[in-house]
Amino acid sequence: MDIIQIKNLTKQYDKLTAVDGISFDVKEGEIFGLLGPNGAGKTTTLMMLSTLLKPTSGFASVNGHDVVKQQGLVRNSIGMVFQDPSSDTLLSGYENLKLHALMYNLPLKEINSRIDKVLDLVDLQKRKHDVVKKYSGGMRRRLEIARGLLHSPKVFFLDEPTLGLDPQTRDHIWEYIQNLAKQTKMTIIVTTHYMEEAEKLCNRIAIIDHGKIAALDSPANLKRALGGDKVILKGRIDTETLKKFPFVKKAEVIEGAVHLSVEQAGKNLQELLCSAGDVENVEVHSPDLNDVFLNLTGRAMREEGEASSYIQDITRAT
Amino acid sequence: MIGERTAKVIKGLYALWYREFRVFTREKSRVFSSVALPLFWYFIFGNGVGSMKGNAVDYQHFIFPGFLAMTIIFTGLFAGAYIVWDKKIDFLKEVLITPLSRTTVFFGKAMGSMTDALIQSYFLLAIGIFLGMKYSVSSFLLSMAILFIFAYGLISLGLIIGSFMESPEGYGLISSFVIYPLFLLSGAVYPLDNLPVWMQVLTRIDPATYAVDALRFVILGAKYANMPILLDIAVLLFFDVLMAFVGTWAFKRLRL
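Those protein sequence lines, which keep their order, are chains R and S.
With our numbering, the residue at position 84 of the first sequence is 615, and numbering never jumps.
With our numbering, the residue at position 131 of the second sequence is 127, and numbering never jumps.
Here are the simulated lysine-lysine pairs, DSBU-like style, with alpha carbons at most 30 Å apart:
#1 S:83 with R:665
#2 R:664 with S:84
#3 S:89 with R:743
#4 S:83 with R:743
#5 R:731 with R:648
Chain S is nowhere near these chain R residues, computed Cβ spacing over 10 Å in every case:
#6 734
#7 767
#8 786
#9 796
Hints listed in this document are in silico derivations from the structure and should not be mistaken for laboratory results.
Computed from a predicted structure; not experimentally measured.
Ideal Cβ positions, reconstructed from N, Cα and C, are used throughout, including at glycine.
Pulled out of the complex, with its shape left as it was, chain R reads as follows (with noise of 0.2 Å):
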């Protein structure tokens, strides 16, 4: 039996249908993806699947308990990262940990061990007795994965797991996420609306738009539907002739440039150009899951747009 199992759930608000009618399921010990741009409901899944808001419709189930009708024992079932920072700043990093295990209602003898291992794992052991206030964001993260990993959930939700964080620091929490992955057989689900996180870390995504889900798949296969590799052309460009080439599966022009899709791009890149017209500017790459996005939805994910309003939220809150 798959461990997260939906089908048709809904989450309407007075005039806005925030998740409409999606349905997947999940496999046990599998790291899946919830990528869509800012807005697309993926925030409000992850809240309906952890109990924290109710369903309008539709149904859901994690590790076999349903999340309207049993929601302590789905709760015993997860752990989670949230979005926003949710740990206690005045606290230092040691409490927030004891205060996790205490409402989990771990053992006594068992708690300092426990904190001790999911600070190992993230690195934290040495800033245990700060304050939280003291930590950079990226610490503060993952001080938050180590605390949502304490009581060993089945299912561990990370909700846009390095959303404003450096590059660098981006880097380290996906080795953290991998490495979880591999060690345990704990199931991950992970929201994001950066291609690059969902196909370095997600056996299977779910692209979701409009709160509907518009692909589904490997990121190799969602990738490989598209038919091919992709060309750039920016100049004065022939489109309706190249359209005649057989090797040419799809052209469109996005923001005056010319989007084509060539199968075997390598080899047939000089016929190509040669038919094209005034040429300026090439541009040849295998694609990638933005193209997958924009072929799905006619529109590319836009992420400084979330990331400034991020910023502003962080800036009202304090």
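We have chain R already, so just place chain S on it with the hints.
Only chain S this time, still in chain R's reference frame:
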């Protein structure tokens, strides 16, 4: 041996209490202002209004129990503000996602804030010795008990209001429409004897009135009180029970 379920609840309550208490003691400015503010108002009111009557000392003694109640009113509703803040900084999510029942969460939070409020009000109670209050051992202990049952009700009220509020910005309204009416209608700074009927009615609805009256009875003597002390205590206890029910209900429906 205590059962597994009880152990779970006790651990949960301890964790919630510990967090509130630690946060309180680490915010030095909060500790300071919560004690200094009532004292400041006490001297302003005591000397300002007292000067009209010619005998400031009598008036100051008369309003002292009211200022003990004031620390509870202010801290209690501050506890409410804190839960709105918790929502904002997302620590509340971390608590709500644990397997703890909402009843445990409510009582844990209430216990934590009660500790803060009682430390302050007991401290002021002790300062009363230097302000010329004459306590016996029993009157001191009774005052502590009254402050205890009053604090529980008020903090629960704060938590209930806080659980309904979406953002800390609305908290200004609460202080204007809840804290000040509770304080000013309690008879903390004036006698209840010669009030117009409509105001009498309002003062009788205010639970703080009964706390102030009971404290006056115990600290200053029966002739300063308007109602029998048993009635005061019965009303306060009734208020506590009511708040426990409403509070548990409010926390069960609490969503983010």
